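Starting from the known structure of chain A, arrange chain B with the ligands on it as the hints suggest.
Taken in order, these protein sequences are the chains called A and B.
At position 176 of the first sequence (counting the first as 1) the number is 172 in the working numbering, and the numbers step up by one without a gap.
At position 28 of the second sequence (counting the first as 1) the number is 179 in the working numbering, and the numbers step up by one without a gap.
Since the hints were derived computationally from the structure, they do not count as laboratory data.
All the given hints hold, so there is nothing to weed out.
Mimicking BS3-like on lysine-lysine, the simulated pairs with C-alpha atoms at most 30 Å apart in a straight line are: (1) A/Lys127 <-> B/Lys439; (2) B/Lys432 <-> A/Lys132; (3) B/Lys439 <-> A/Lys132.
On a predicted model such as this, the values are computed, not experimentally measured, just so you know.
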Amino acid sequence: MLRLKNVEVIYDDVILVLKGLSLEVPSGRIVALLGPNGAGKSTTLKAISGLLLSEEGEVTDGAIEFEGQRIDRLLPEEIVRRGVFQVMEGRRVFEDLTVDENITMGGFIRSDRAGLKRDRDLCFDYFPQLKTLRGKLAGYLSGGEQQMLAISRALMARPRCILLDEPSLGLSPKLVQEIFAIIRRINEQEKTTILLVEQNARQALAIAHFAYLMENGRVVLEGETEKVKNNEDVKEFYLGGAGEKRNYKAVKSYRRRKRWLS
Amino acid sequence: MDFFLQLALNGVVVGSIYALVALGFVIIYKSSGVLNFAQGEFLLLGAYVFWALVEGRAPWPYAVALTVLFSILLGLAMERLILRPMIGEPIISVIMVTLGLSSMLRAIVLGAWGTDTRPYPALFASEPVFLGPLPVSRGYLFSMFVAALLLASFTLFFRYSRVGIAMRATAFSQEVAQSMGISVRRIFAVSWSIAAVVSALGGILLGELRGGADGSLAILGLKTLPVVILGGLDSIQGAIVGGLIVGVLENLAGGYLDPIMGGGVKEVAPFAVLVLILMIKPYGLFGKVKIERV
Ligand SMILES: Nc1ncnc2c1ncn2[C@@H]1O[C@H](COP(=O)(O)OP(=O)(O)O)[C@@H](O)[C@H]1O
Ligand SMILES: [Mg+2]
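Okay, chain B solo, but in the shape it has when bound:
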């Protein structure tokens, strides 16, 4: 039982970080219809920038703040340099560009920092806290707390803030949004910035859990794909639930099945469940069903 709880809890922690990164993916898809295949590289880049800053002796809170700032600029640059020139092109071309961008960013990161693990400083005392009988590392608790806090804030932001509502309005129709005086360009810029920021924070949290930044983080970023498809591409709730499901499943599969099957199940399990769920709910768990008036 303890083993199960331990696995499930690890799953929830990692899953909440997946959810955070998936949120960025969903925001871009919702507001502009673009699938951003460079999401994993945003994460990678964030993790390395943070490492470089800490390495350059920035106290970690400053390093986090600077990484966030860097990500905002990255998002703005995306809108300015990629999306704006592509206005009027078919969405599929924009998606192809994000694919190209993903290889480019990865090459830049690995070129600049190599493939070795870049260790993060230990931020937390190593003795665990006990949740009842269960020992939990402080870093895990902290990560989960931060991810939950961010997810909650963004959910509230989209639900109640004027800009959040305008983002949903733009997702529904860019033309109508423009007729209200909403600047679609600015909405895109905000979505890409948010996506870059949540990915970078996700990258820092994952780096913290794993003891450092390395190239495999981009692959973790790619996990957001099953997460968002599972949850429904356009649903924030879906991203959260999908993230938790994928996180817990892969940890359980890794803990129970990998020893029997000789490994590899951990990576495959989320996709297997994804296929199952899509057979029952083709738009994902929370995907938008178009309103039909009767």
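Next comes chain A alone, as it looks inside the complex:
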């Protein structure tokens, strides 16, 4: 279980981004964290993984616990060793390393050779396409292949919890479906807990067990996926229409009605 209690995050000592955020990710589940651009989703993941430190961000209040132990205040490398692995937004493969070397880096914290070899094969099992690209520089892969590589790196660390930041970003709808199907398979077969950040609410709700909706640094709605899916506002503003365009008036009316939600 990953638990955030009233977490407050401040960047550069002045910019308050998370304003008392609470959420829970029970072991073995997929939990979706939805919300518009700038809501603070990536910040939430970086607060958990400790990567905030290198961006001049700081958890200034509240607590983050993983399996009963506080992990805010730990260094990123210690958090990875505790079993929490973040797949960063925008894939962020090591472009001038080969696919194989990228995968090796995913398993950096481990030293069980046999297990590492097995898990490398497991990656190629999930993403057969990567196998033919092993010797290629990751910078030359397509966006979809890079996302597969980014997820493979996570698999190599054998984490108990993966934090996935917008895996659908910039991918074709077909690829998005493929990647999401694999995320679900990883959750089922490897029993990995997944906290999935997405703007693509439809896809995320299709595989998640539970969902949080955040806006402006706070959770504004939470519930079982079915409940969230059927929420009128979510339908209108996150699932409605092909484009996610919302005009200002609509957002305002949403904000007005949102008060009734919680």
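The following block gives chain B with the ligands in isolation, referenced to the frame of chain A:
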């Protein structure tokens, strides 16, 4: 012809030592983006520490081992005392600190050991071995062999070892490296230690070739600057090729042009070629060209 070969061979020997020292420079630049202007002083310090140990009656293999140990500690201290407190400061400030460090280290070395040449013991028999018709001193052969061996080992280390790959990963992005559980601090510590060790070994080899340690070694260390710029700041291959080019060029220039021009060409030649090459290849011979996907 023999004269040419002799000059070229000397160039290769000295060049391979430049390459070794340049490797240290490249490693620091690659992993942290810092240009270490104290590289020449690492070399100087290594050469003097070795001399002091030998002078204190340590058999030379022990002296080498202790110098290596000393350099590892020096590298760790650099990370601990200089880099870590400067985390979050602009890179340029860190570079300025290495400049300050270079004057400080030089002052310490010259203060402690003075400016006279401190002679090394002769490790090799003085009669040369013959490579075909060419007489080559044993010390030269040995130096070249050691430098080549070290260069090869480090190349393999970066190519295949987990820590070597992690160093390249950190060079690409510290943040992403951290997200894999790589400790960036530790990577920096390893790079500075490696840089200090290769410089010190370079210093010992140069001292051995020149018959002893003296203050001018730091200037030789500074030669790594044209070497690495020539090869491309972030390329290990580049450091090797650049080192050999600079070594051979300056020896040829020294042998053929200095007698005509009345000296000084030896020192200038590498820089002249450097300017020429940079006009054609602004990132150096092997400098990284950013990957652009199409
Ligand atoms: N390193 C940073 N320094 C200052 N402000 C930041 C930084 N990163 C993000 N922010 C700000 O925090 C807010 C939330 O950003 P983010 O967590 O990236 O949102 P999301 O992932 O939901 O799009 C934005 O207003 C953004 O400008
Ligand atoms: Mg984001």
